[in-house]
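Order-wise, the sequence lines are chains A and B.
The numbering of the first sequence is this note's numbering, which starts it at 1 and goes up by one.
The numbering of the second sequence is this note's numbering, which starts it at 548 and goes up by one.
Please keep in mind that the hints were generated in silico from the structure rather than gathered at the bench.
A few of these clues could be false.
[Stated by the list, open to error] Straight-line alpha carbon distances no greater than 25 Å define the calculated SDA-like cross-link-like pairs of lysine to any residue that follow:
hint : chain 1 : residue 1 : chain 2 : residue 2
1    : B       : 685       : A       : 4
2    : A       : 245       : B       : 652
3    : A       : 6         : B       : 697
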Amino acid sequence: MYKYDKIDQQIIDERVAQYRDQTERFLAGEIPDDEFQQLRLRNGLYVQRLAPMLRIAIPYGMLSSAQLRKLAHLSRHYDKGYGHFTTRQNLQLNWPLLSEVPDILEELASVEMHAIQTSGSCIRNITTDQYAGAAADELEDPRPWAEIIRQWSTMHPEFNWLPRKFKIAVSGATGDRAAIEVHDIGIRIIEKDGVRGFEVLAGGGLGRTPVVGKVINPFLPREHLLTYLEAALRVYNRHGRRDNKYKARIKILVRAMTAEVFSKRVDEEWQTIINGPGTLTEAEIERSGRFFTRLAYKQLENEDPAAKMIAGDAGFKTWLRNNVKEHQVPGYAICNISLKATAIAPGDATDEQMDFIADLADRYSFGELRVTHEQNLTLADVAQSDVYALWQELVEMDLAAPNLGLLTDMICCPGGDFCSLANAKSIPVAESIQRRFDDLDYLHDLGNIDLNISGCMNACGHHHVGNIGILGVDKKGAEFYQVSIGGSALNDSSIGQILGPSFAQREVPDVVEKLVDLYVDKRADGESFLDTFNRLGVQIYKDAVYS
Amino acid sequence: MAHIIKNDAIIDSPMSISAGDGDLSLPNIIVPLVAWNEDPALRERKDIGVWLTTDEEVEAIEGDLNGLAVIALEFPMFADGRSFSNANILRRRLGYSGEIRAIGDVRRDQMEQMHRCGFDAYQLAEGQDIEATLAGFKRFTHAYQQSIDRPEPLFRHR
Chain A
1 MYKYDKIDQQ IIDERVAQYR DQTERFLAGE IPDDEFQQLR LRNGLYVQRL APMLRIAIPY
61 GMLSSAQLRK LAHLSRHYDK GYGHFTTRQN LQLNWPLLSE VPDILEELAS VEMHAIQTSG
121 SCIRNITTDQ YAGAAADELE DPRPWAEIIR QWSTMHPEFN WLPRKFKIAV SGATGDRAAI
181 EVHDIGIRII EKDGVRGFEV LAGGGLGRTP VVGKVINPFL PREHLLTYLE AALRVYNRHG
241 RRDNKYKARI KILVRAMTAE VFSKRVDEEW QTIINGPGTL TEAEIERSGR FFTRLAYKQL
301 ENEDPAAKMI AGDAGFKTWL RNNVKEHQVP GYAICNISLK ATAIAPGDAT DEQMDFIADL
361 ADRYSFGELR VTHEQNLTLA DVAQSDVYAL WQELVEMDLA APNLGLLTDM ICCPGGDFCS
421 LANAKSIPVA ESIQRRFDDL DYLHDLGNID LNISGCMNAC GHHHVGNIGI LGVDKKGAEF
481 YQVSIGGSAL NDSSIGQILG PSFAQREVPD VVEKLVDLYV DKRADGESFL DTFNRLGVQI
541 YKDAVYS
Chain B
548 MAHIIKNDAI IDSPMSISAG DGDLSLPNII VPLVAWNEDP ALRERKDIGV WLTTDEEVEA
608 IEGDLNGLAV IALEFPMFAD GRSFSNANIL RRRLGYSGEI RAIGDVRRDQ MEQMHRCGFD
668 AYQLAEGQDI EATLAGFKRF THAYQQSIDR PEPLFRHR
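Sequences are here, hints too, so could you generate the full structure?
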């Protein structure tokens, strides 16, 4: 993974010093609230319903074991002993003190981490495929590109005060695990006539107005990545709406201009800087790539991890089937640790669990791990011969929930229990659904169903792209839930369709059950929940739920 | 006169901002773009500047740059970032080398970014302590991107 050199370290250290000075001046009354709010947001600090919340950047979801141990330490020392992994592959601490945040940032800097631009109207943490570098369906490892974009976007002087937040995702595989079509800019590594380049999409996004991004450049030669992004951001910075924050995302601009005109404007701007000093050099592309070369894999043959299994451990087979994915190197496997055990807030991990998982990463997976946008953790490079032993250790720590990709592996925002933006709670809804669907065999029979829950229309829980999406709404001061169906964040993304009037919290598990029952009743052989929905259309589901 | 920071010093600049509704025959004034466009007599003078707010684009004065002593770019609110792009275009694409002054809601903690985008003069918002601002104006030792103050990005020197 990427390692800071002296320059990277100095940039981060000076940023910590700058924010420490800003915090001190704020506490001394020298910076007004409205201004400090913007400064602290750009250093990851929100003020939430109950306490401040600090969002720590985990660039493209990559963590070393030493970094995870630091996060465990921070959650123990400055918080209540747990952290929340988010859909942007970040970690949130829910209870830090505003006055202690500079100390937290200094500790983060000591392990090459920061919280820069994890909130505010600026370019946010770059996300990518959680299986990057390991996935069997990969054309090219997207992480060197994500790192190049991370550096370019970090403290960019021109783009720190955009109309609204700006999210960029990169994918290098056939299967899109980075949801690039619902990002402000999505970048897909492609090959044309034997040459690598990028397909660039713009104007996707969730929030109040969910939109699937449009292609604005079908093939961008790779050396032009940063100048093209600069041009796109400049057009957005100048022309994005600033009169209404709900219409300020780039998707509104692209829709208003049309993708063709937006693309043309970007192209015109790009022509003024193309081949300029911002053009990437082969040396830089190579430099970034060197940090993501193949790990020191052993020469192994493929083997069945279940061969080592002791009779009676049937649970292992279920975990193997659901949580373990194919690796691109023979003899290795991608192992996912689900943070979605019932009765635990989805994505939460305790300090003890983080320390434990860091040890597992050292012993089983080259000291590295990934945070997924589904809010789980991944050990991406485990020898198949070790998978059973790993599972046994996970079982000991109650971290072996075998529900990856199943209905109970929900994406869920912190919701009204923590977040001051939320209209409604989301964690208790997740738990009530997990309790309703507690039969693992049945869950496995249902197969892959993405159920996503957001506590408000800001859509941190990505409800629009859930096969089943649940959105908390406020109805005359009471919490209600709107349910949608048919969304998808995979290739050919789609936005879910709303079923109809919203439901009370206690009704939600029944509604989900009716949708699932209808699927079980109507599915053809091998059809997924989404396939069946796409074949049948929305009406029959409406009838089932409201009859 | 305007009390401003320019080239790392506090100075009294003779060039002051005009709202455009007063007497435009006064010497040493920076007039709004609308006034500049409406009054051709202003183009004959050497002691004139133009200021643009954020929904105006610097391309509008592309042909006039030679005669302008100052171009001021407004920050109606500190969080409105459009003037950063206007300044960048003025310096880089349009090649303007005169004073680019930040006016309006100009605050200390954005000066570093303004500097990097091509501003070289700062008329601070009311209530800002100009001495403390100048004393506290620090630049980062390094930056990843190329910008007006750094013609090449960091990666070309690694």
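Verification of the hints:
no.	hint	in the structure
1	685(B) / 4(A)	23 Å, holds
2	245(A) / 652(B)	20 Å, holds
3	6(A) / 697(B)	19 Å, holds
When held up to the earlier numbered hints, the structure conflicts with none and fits them all.
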